[in-house]
Amino acid sequence: MLELLWLIPALPLAGFAILALGGARLPRWAATWTGVGSVGASAVLTGAAAVAFLGGLPGTPAYTRTVWTWFDVAGLSIGVSFYLDALALTMMGVITGVGFLIHLYSVEYMAHDDGYSRFFAYMNLFVGAMLVLVMADNLILLYLGWEGVGACSYLLIGFWYRDPANGYAARKAFVVTRVGDTAMAVALFLLFDHLGSLQIQDIMRQAASAWTVGAALPTLVALLLVGGAVGKSAQLPLQTWLPDAMAGPTPVSALIHAATMVTAGVYLIARTHGLFDLAPAALTVVAVIGAVTLLLAGFSGLCQKDIKRVLAYSTVSQIGYMFLALGVGAWAAAMFHFMIHAFFKALLFLAAGAVIHALGGEQDLSKMGGLRRELPLVYVVFLAGAASLSAVPLVTAGFYSKDLIIWEVFASDRGGALLWGAALAGALLTSVYTFRMFFLCFEGPQVTPVSHRPGWHMTLPLAVLALLSLAGGFLEIPRTLAGGAHLFSDFIQSALPPTRLLHAREGYEALCQLASGAAALLGIGLIWALMLRSPRTGQALARSSAATVLGRFWLNGWGFDRLYDLLFERPYIFLARIDRNDIIDGFFNLAARSVLALYAWAGATQTGRIRTYAAGLTVGAAALIAWVVWL
Amino acid sequence: MTLIGLIVVLLAGGLLAAMLGRHHPAAARWTALAALALDLLLALAWVLPAVARPMQSAGPWPLEIMIPWIPSLGIGFHLAADGLSVVLILLTLFLGLASVACSWREISERGGFFFFNLLWVLAGILGVFTALDLFLFYFFWELMMVPMFFLIVLWGHENRIYAAIKFFLFTQLAGLLMLAAIIGLYFVHGRATGVYTFDYPALLGTHMTAATGMALMLGFFVAFAVKLPAFPVHVWLPDAHTEAPTAGSVVLAGLLLKTGAYGLLRFVVPLFPDAARTFAPAAMVLAVAGILYGALLAFSQTDLKRLVAYTSVSHMGFVMLAVFAWNEMALQGALIQIICHGLSTGALFVIVGMLQERMHTRDLSRMGGLWDQAPRLGGFAMLFALASLGLPGLGNFVGEFLILIGVFPQAPILTTLAAAGLVAASIYSLWIVQQAFHGEAREKWRIQDLTGREAATLGLLAAALLWLGVYPQPVFETARPALASLRETPGSMPAPEPVTASGGAISNSGRQGEIDAIR
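Residue numbers (the working numbering), protein chains in the order written: chain A, 362 to 992; chain B, 48 to 566.
Just so you know, the hints here were simulated from the structure itself, not pulled from any lab data. Heads up, a few of these hints could be off.
[To be verified] If you anchor each label on the Cβ, the simulated ranges turn out as follows: (1) ARG413/B - ARG972/A: 53 to 63 Å; (2) ARG972/A - GLU189/B: 40 to 50 Å; (3) GLU404/B - ARG938/A: 43 to 53 Å; (4) GLY417/A - THR498/B: 46 to 56 Å; (5) GLU205/B - GLY384/A: 34 to 44 Å; (6) ALA391/A - ARG413/B: 54 to 64 Å; (7) PHE929/A - ARG238/B: 28 to 38 Å; (8) GLU404/B - GLY417/A: 17 to 27 Å.
[Stated by the list, open to error] Chain A side only, calculated, beta carbon under 8 Å to chain B, not exhaustive: (9) VAL428; (10) THR430; (11) VAL536; (12) VAL540; (13) LEU549; (14) ASP554; (15) GLY557; (16) ALA879.
Since the model is a prediction, treat every value here as computed from it, not as a measurement. Every residue gets a Cβ at the ideal spot worked out from N, C-alpha and C, and that includes glycine.
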């Protein structure tokens, strides 16, 4: 089976080729079967690969297969080579599994769009590129997938190309992430210059022996990689593109901007953890970025009016948790939260899509409300997703994954009280903004009539994802609860080292869980009280001048867009505008013009009048004689 | 003989096209197409195998021909091809076919004379890529310029006279500097060895003082930098590219600029290694300035063709950066960059030509929303824009990446700045697609989507880029020995044949007649 590993990314890529070449001429059923079928087949093959991998020889943590040599120049030999280990398999499972469900959902969601086959072409290309990213055994192939998913993200954000705003959002996403990508490229140059290899496992092996912990070089490399990661994963300071990326169709937001691509930064850091182990300073930076981002995005999520933008900020915030986990060396916890987040965030986006669809394209939360009775199934699954995002204790998967992070941030030798406090505050914030959105959407009076109810293409993925968002957490149960279960961390430990916990803090695990559980419930209770129990208090609070000012500030994402606009966008456009005619060309033209002027001036002396010539002759002769005589 | 054959077929094809074109315009097109197809066949069937799999006895020049021309002055008709030349020959013929295809309908007046000029430019370019005698090289260098001048001046757009004269003045002045440097080198070598010759292999490793070397090197450098074009002597390029007919732009961007790159690779560094080493930091700074400046100016343009023209300044900056790093990785990258820039920029010019044919404007601010009516054209434009911004999977990425990773150990700061050019490239590339194809339709255009001929032209260019993006290895293998022998210290480079310095000024192996390594 593992010989056929290459088929997993190749199938969606083939799907893309068929859809792109067929174009709009392809009949709709053919586009559907190609688009959804290729990802489905990939998912099945991933399942088979997982079985083969788990059933393989014990003690073989990884499997490599080279399909062909991409290029081999001057000692840099790069293969189109795939590397399968527990980490890659986790990612692949989410990409193909959740990806398939989202493709299925899109059949109905995009049914009336005139770009139907173009949509599936881009989506298939995305899945293929994302699979290449996570399966690559070397950093250049990873970079290919990395840029490939960026391009697909661009294509899909701007999918409805007639609106220039969508085009702007798409280009913003691409250019902002490319700033990070360029930092990452420089990291690759440095790695190759010093280690002579770009094969990931090889680099980590060599780095461990060649570099000392905390030295300048690994720190620089790690920080440059973080540059790439924050771009792709929309973390500070490159987080600004993600909320705007919501311009794309909702399934795109679910797949690319929630479940898979935006977590590529998390994957990159986990994949190169061996380098980060040598760079504690860079890890601290990662943790701090995560903590700050999760709080800033949480506050912004609180004030959004557009349901998709709430979810977008929530994604930024949840990826902040993953960064925080990576930063304290809780590798497995980060990946576990990645997986669970993919389930519940895809669910929330798809459910939000069902709401948007039902209301004829309405995304404004203030125009929603009272949908509980109108869309009971969507209500139930949305509640499951919201509960999971808020980490409601015991019954949701989000609790198990987020709690694991909060606990390990507290107990890890790299963690600390401050980071833990941020994580805990974030948990409170999360449940507040989540249930604010939930109540606005489903409670209260109905504002917009329901025009469309989801069919099975949409409800089946919703149901499956709801189940996963609730039950997925049982893969990893802390030992304080019923003895615990560690299926996920046992699985991934062959690829990622365990967290180093401080012995002195191990006794506090139950207490810590109690705190994080309480934070989640407190948040829900708080927003319930303010919105449903005594709405007057809530409205009074919202109308207070402090809340208005802060609210506008947070609505606009802490003013980062304004800042970057002033610092980068305007100066660049200004430079481009003033130099439109190329100042250097001006110099050459000036030279040309002065020659012409000289010519005209000299030509003017040629008047044809004897008198002028005679005068010139006389003056010249006089001057010459004077010169000869007196000098 | 094959090398002469390649050139002669184009020259003869051009003459035939000119004669037939007077009465049958279609015959001229078909003649041009046939001549190029025949040439491509010849190149693939004989030149490529001879170079890619040379006999063991073959020296650094697997394919070579040497006929005495003006022996008293040491001038010979010396043509040769190594891996570097053969790759560029194939690029020339491939893009030549594309430029004939894109002129199929565009050229309605004096078609015969048009194709005559087109084929003669291409013949001159083939000569430049194969000439090993500096005098002969200069001859071809001029040969390719005159018909190009006519292409711009006779079939160009609104401002063609200004553009053509500017093009002519810049390249001519720079060419004269090169001629002076060639003659200078001739005498320096003659005085030092008593052998007066223009033969390139003999001139390699000429001893000279540092000052002389620098002066002569700069003479060559300026000529090639103007052609490349390097910042700040790029200013002729936007005008020439914009005003030229589509085929002219394709040949300019795809091939003429490459003669500059080729000149740097073949002559500047090997002939004057010490001077080039001293000059390298300055050249690399100019290269990076070109990368960033070209990208900025591309973004600022409203004339789509001018925009694409400025991207060449940016992309060719990478090539110059690589040449002055002079290591294998960077040079291989430069070669791929040369090819892929030719293909992708050529394709973008073809697309601009198609738009202009349909809309009679190149003004981006009047376009917009064209995807609705021409999705296939838009799809191709998107693909080539993505290639131009260096998306992995397409050839340009391989070139840029190898250049950057190759140059990095020598100049980390400059490389990082050059890498910032990738961000700038994404700004202007996506801007093209946005302004022309996405967004709202600013005016009510009714345009036709691609015809079969057009789709085939663009499809072939796209397929080539994709192939080079995922499997560029054959190009590397073909060029490896050639690049290796360029990089060997020229002082110790053995001459290909024993030099017979009999009784004075004559020195070349011309008496052996033809040494043609065709099998």
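Okay, PHE929/A versus ARG238/B on CB: inside 28 to 38 Å?
Distance hint for PHE929/A, ARG238/B is violated at roughly 57 Å.
Cβ-Cβ distance between GLY417/A and THR498/B: within 46 to 56 Å?
With a Cβ separation near 54 Å, GLY417/A and THR498/B satisfy 46 to 56 Å, so the hint holds.
Hey, does the VAL536/A contact hint survive, CB to chain B under 8 Å?
At 6 Å from the nearest chain B Cβ, VAL536/A passes the 8 Å test, so the hint holds.
Range hint compliance [Cβ, ARG972/A to GLU189/B, 40 to 50 Å]:
The hint (40 to 50 Å, Cβ to Cβ) holds, given that ARG972/A and GLU189/B are roughly 47 Å apart.
Kindly confirm whether 34 to 44 Å is satisfied by the beta carbon distance between GLU205/B and GLY384/A.
For GLY384/A against GLU205/B, whose Cβ atoms are near 36 Å apart, the range 34 to 44 Å holds.
Status of the hint placing ALA879/A at chain B (closest C-beta pair under 8 Å)
Status violated, d = 46 Å.
Beta-carbon spacing of ARG413/B to ARG972/A - inside the hinted bounds 53 to 63 Å or not:
58 Å, holds
Does the closest beta carbon of chain B sit nearer than 8 Å to the beta carbon of THR430/A?
6 Å, holds
Interface restraint verdict for ASP554/A against chain B (beta-carbon cut-off 8 Å):
Given a least distance of 5 Å, the restraint on ASP554/A holds.
Given LEU549/A as an interface hint, is the shortest Cβ-Cβ distance to chain B below 8 Å?
7 Å, holds
Hint check, VAL428/A versus chain B [nearest Cβ-Cβ separation less than 8 Å]:
10 Å, violated
Per-residue hint verdict: VAL540/A, partner chain B, C-beta under 8 Å
At 6 Å from the nearest chain B Cβ, VAL540/A passes the 8 Å test, so the hint holds.
In this structure, the hints that do not hold are numbers 3, 6, 7, 8, 9, 15 and 16, in rising order.
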